[in-house]
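Fit chain B to the given chain A structure using the hints.
Residue numbers (our numbering), protein chains in the order written: chain A, 137 to 365; chain B, 54 to 133.
Incorrect hints may appear among the rest.
Each computed DSSO-like pair below joins lysine-lysine, with the alpha-carbon atoms no more than 27 Å apart [what the hints assert, rightly or not]:
#1 A:Lys-245 with B:Lys-93
#2 B:Lys-93 with B:Lys-72
#3 B:Lys-72 with A:Lys-321
#4 A:Lys-245 with B:Lys-104
#5 B:Lys-117 with A:Lys-209
#6 A:Lys-292 with A:Lys-331
#7 A:Lys-138 with A:Lys-177
#8 B:Lys-63 with B:Lys-117
#9 B:Lys-72 with A:Lys-245
#10 A:Lys-291 with B:Lys-63
#11 B:Lys-55 with B:Lys-72
#12 A:Lys-273 with A:Lys-245
#13 A:Lys-331 with B:Lys-72
#14 A:Lys-291 with B:Lys-106
#15 A:Lys-214 with B:Lys-72
#16 A:Lys-321 with B:Lys-63
#17 A:Lys-292 with B:Lys-63
#18 B:Lys-104 with A:Lys-292
No lab work stands behind these hints: they were computed from the structure.
What you are looking at is a predicted structure, and each value in this text was computed from that prediction instead of being measured.
Residue-level listing of the chains:
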Amino acid sequence: MKAAVLVFPGSNREGDVAQAIELVTGQRPQMVWHGDGDFDKTDLIVVPGGFSYGDYLRCGAMAAQSPVMAEVKRRAAKGVPVLGICNGFQIVTEAGLLPGTLMRNSHLKFVCADVHLKVETSQSLFTNRYQAGQVIKVPVAHAEGNYFADADTLKKLEDRGQIAFRYCAPDGTVDGTGNPNGSIKNIAGVFNETKTVMGLMPHPENATEPLFGGTDGKALFEGIVEALT
Amino acid sequence: MKARVHVTLKNGVLDPQGKAIGHSLNRLGFPEVGDVRQGKFIELEVNETDKAKAKARVEEMCRKLLANTVIENFSVELVG
Numbered sequence: 137m138k139a140a141v142l143v144f145p146g147s148n149r150e151g152d153v154a155q156a157i158e159l160v161t162g163q164r165p166q167m168v169w170h171g172d173g174d175f176d177k178t179d180l181i182v183v184p185g186g187f188s189y190g191d192y193l194r195c196g197a198m199a200a201q202s203p204v205m206a207e208v209k210r211r212a213a214k215g216v217p218v219l220g221i222c223n224g225f226q227i228v229t230e231a232g233l234l235p236g237t238l239m240r241n242s243h244l245k246f247v248c249a250d251v252h253l254k255v256e257t258s259q260s261l262f263t264n265r266y267q268a269g270q271v272i273k274v275p276v277a278h279a280e281g282n283y284f285a286d287a288d289t290l291k292k293l294e295d296r297g298q299i300a301f302r303y304c305a306p307d308g309t310v311d312g313t314g315n316p317n318g319s320i321k322n323i324a325g326v327f328n329e330t331k332t333v334m335g336l337m338p339h340p341e342n343a344t345e346p347l348f349g350g351t352d353g354k355a356l357f358e359g360i361v362e363a364l365t
Numbered sequence: 054m055k056a057r058v059h060v061t062l063k064n065g066v067l068d069p070q071g072k073a074i075g076h077s078l079n080r081l082g083f084p085e086v087g088d089v090r091q092g093k094f095i096e097l098e099v100n101e102t103d104k105a106k107a108k109a110r111v112e113e114m115c116r117k118l119l120a121n122t123v124i125e126n127f128s129v130e131l132v133g
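This is chain A alone, in the form it adopts within the complex:
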């Protein structure tokens, strides 16, 4: 499986996610600079975390209009899988590849902590190595992770099974206690309608080695490899 990882001025998790991909594929992904309107054909495009363009205007707003994202939108429309993590999630929503948006955390603080996520479905190329209802532990690190969508959009997301992960308590209970940022319906990650684009605020790439404090994120990358190879 060939992967590309985008790099914007201000990205800072591109190395982490590249390492996670190399861990499961044995192949270093192609790193693509934001000004490149074209890049090698790949099976997967990853938009990494960080603070692209210094979070100016709104998180992800500038990056969403970059030359590389215009190409990502073209490829996503043809079905090339796109994974947006943290700032990458903000970028793909700003680019219109996913519904909703990420707002300032309800408590106004940056949150850097391990959180528990309930896997909502195993029926996607990103989550096929998990079981529906499984609880995994991965870290978050963000100040703008408060997912919001209007009532109509939320209903569509629920009806079509487009919610990928929800924040939960360690025992899997989905309520306010496990929600680190005020996200509506505890949403931590969503799919597009065809489930070929997924965005999530937590960092599965930072839970891939025992030394990181957990390995629950590794299955996400293994699942993608299995689905795309």
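Just chain B now, kept in the frame of chain A:
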């Protein structure tokens, strides 16, 4: 001419920053302050003499970049 753009959160969208500002004002001796909503003000120099055209262009800028219409409203005012 100059365009002044106001970007504000839509009604019903939670504004924790506005809330924090309101609390601070109350604490500073302004108990009369109730609900606070904060937003953005952007001033643009636009190279266009036709007001209607300029307004249409700036509104397009708002939809494409300056505002996120999922959660924000915008208004455009032309000066000069």
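Hint-by-hint comparison with the structure:
no. : hint                     : result
1   : A:Lys-245 with B:Lys-93  : holds (20 Å)
2   : B:Lys-93 with B:Lys-72   : holds (16 Å)
3   : B:Lys-72 with A:Lys-321  : holds (21 Å)
4   : A:Lys-245 with B:Lys-104 : violated (42 Å)
5   : B:Lys-117 with A:Lys-209 : holds (15 Å)
6   : A:Lys-292 with A:Lys-331 : holds (14 Å)
7   : A:Lys-138 with A:Lys-177 : holds (8 Å)
8   : B:Lys-63 with B:Lys-117  : holds (17 Å)
9   : B:Lys-72 with A:Lys-245  : holds (14 Å)
10  : A:Lys-291 with B:Lys-63  : holds (19 Å)
11  : B:Lys-55 with B:Lys-72   : violated (31 Å)
12  : A:Lys-273 with A:Lys-245 : holds (21 Å)
13  : A:Lys-331 with B:Lys-72  : violated (36 Å)
14  : A:Lys-291 with B:Lys-106 : violated (38 Å)
15  : A:Lys-214 with B:Lys-72  : violated (43 Å)
16  : A:Lys-321 with B:Lys-63  : holds (19 Å)
17  : A:Lys-292 with B:Lys-63  : holds (21 Å)
18  : B:Lys-104 with A:Lys-292 : violated (40 Å)
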